[in-house]
Amino acid sequence: MATLTLTRRLPGVLRWGPGMSEVVAVALHSHLRVVQDGLAPLLPKLPRTQLGELARLDDLAWHRLLADPSAFGLLKGGLGRAEPAADVEALLERVRARPGLRVHGIEVDTSSRRTAPVFARVDAAFNGASDYGGAELGQLERLLGATLTAAASNEHVETLITGCVRVISMRREASRAPSSSSWPSLPGYIRLWNAEQGDLALRVDAVIHEAVHCLLYMIEEQENWFTDQAAAWGSSMRSLWSGRDLPLHSFVHACFVWFALTCFWAEARVEGADDMFRRAATGFDGGRLPAVVRSMRAVDVGVREVLLDLAAQAEEVLARRATRLREPVR
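All letters in the sequence shown, in the order written, are residues 1 to 330 by this note's numbering.
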């Protein structure tokens, strides 16, 4: 079992303290090492020109590459075949290509053609996912710009987003409300659904929500949180926030994500912040979380200790905010 060095720091970091930049840097570096180690067996089969180009990639180029679902699909599904040089060339093409829309330095993906075929089956499963037209890109750029500016009002939140989010994908889906997604196999890639239908607070909440997931995915690549991997995805827990049944893995992530959002919205100066705070604080109110955490035997004992610390810190945030609201206006 890993020593959980990064995991133990999460409660303090996700209260948006100065340790965020170091935790993000270590998580990013470790993520790169995981992927580069996966490439190592292929290196003797590659020509010198490709070896040289791979060696010259900086961290930003690697993360842009690895957060791209098309590139990731080639890396996971294509590399290791009889012609790895062709697959590596396809990966390098993704780095050489000029990105399209960028907001706050983050690449924005608005076309399913860009991510086919890796995400074709994912989008098809939603039975209605569609791209935005070129005439709508200006509106999306303004929406996303305002969203990232509002989130970046907290410098530590800005560090998390610019460090861990490499691609923001935006899609429509007629049958769903504005929402967001991210995937453990794609740290750095987040999806916003129907972003133009929500308000600013909802978009800020979604981006921070998924950015925290991305950081957690990277940490989990090096620190195993579960003593029973089958139970992590095969057993379920009732969410204290939504009331839905979640896989145990998702529930553990939810504790960290909602804690971060509780701390952010407790201090945020965005219209709608009070409603978002109440939503995030729901699972921490009433002191129910510690008993639930102690019952999760498939979760490493060290992670449970971190979650108990997180629950205690969340209660402090709620109590401090309640006291502030009771103070008379002078």
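Keep in mind that the hints were calculated from the coordinates and are not lab data. Where a beta carbon is used, it is the ideal one built from N, C-alpha and C, also for glycine. Each hint should be verified, as a subset may be incorrect.
The list that follows gives simulated cross-link-like pairs (lysine to any residue, SDA-like), each with its CA atoms no further than 25 Å apart [what the hints assert, rightly or not]:
| no. | residue 1 | residue 2 |
| --- | --- | --- |
| 1 | Lys45 | Leu57 |
| 2 | Lys45 | Val95 |
| 3 | Lys45 | Gly105 |
Label pairs and their calculated CB-CB ranges [to be verified]:
| no. | residue 1 | residue 2 | range |
| --- | --- | --- | --- |
| 4 | Gln229 | Gly12 | 43 to 53 Å |
| 5 | Gly12 | Ala146 | 37 to 47 Å |
| 6 | Arg320 | Ser21 | 20 to 30 Å |
| 7 | Glu305 | Gly19 | 39 to 49 Å |
Hints versus structure:
{"no.": "1", "hint": "Lys45 with Leu57", "result": "19 Å, holds"}
{"no.": "2", "hint": "Lys45 with Val95", "result": "21 Å, holds"}
{"no.": "3", "hint": "Lys45 with Gly105", "result": "34 Å, violated"}
{"no.": "4", "hint": "Gln229 with Gly12: 43 to 53 Å", "result": "28 Å, violated"}
{"no.": "5", "hint": "Gly12 with Ala146: 37 to 47 Å", "result": "29 Å, violated"}
{"no.": "6", "hint": "Arg320 with Ser21: 20 to 30 Å", "result": "25 Å, holds"}
{"no.": "7", "hint": "Glu305 with Gly19: 39 to 49 Å", "result": "18 Å, violated"}
When the structure is compared with the earlier hints, violations turn up for hints 3, 4, 5 and 7 and for no others.
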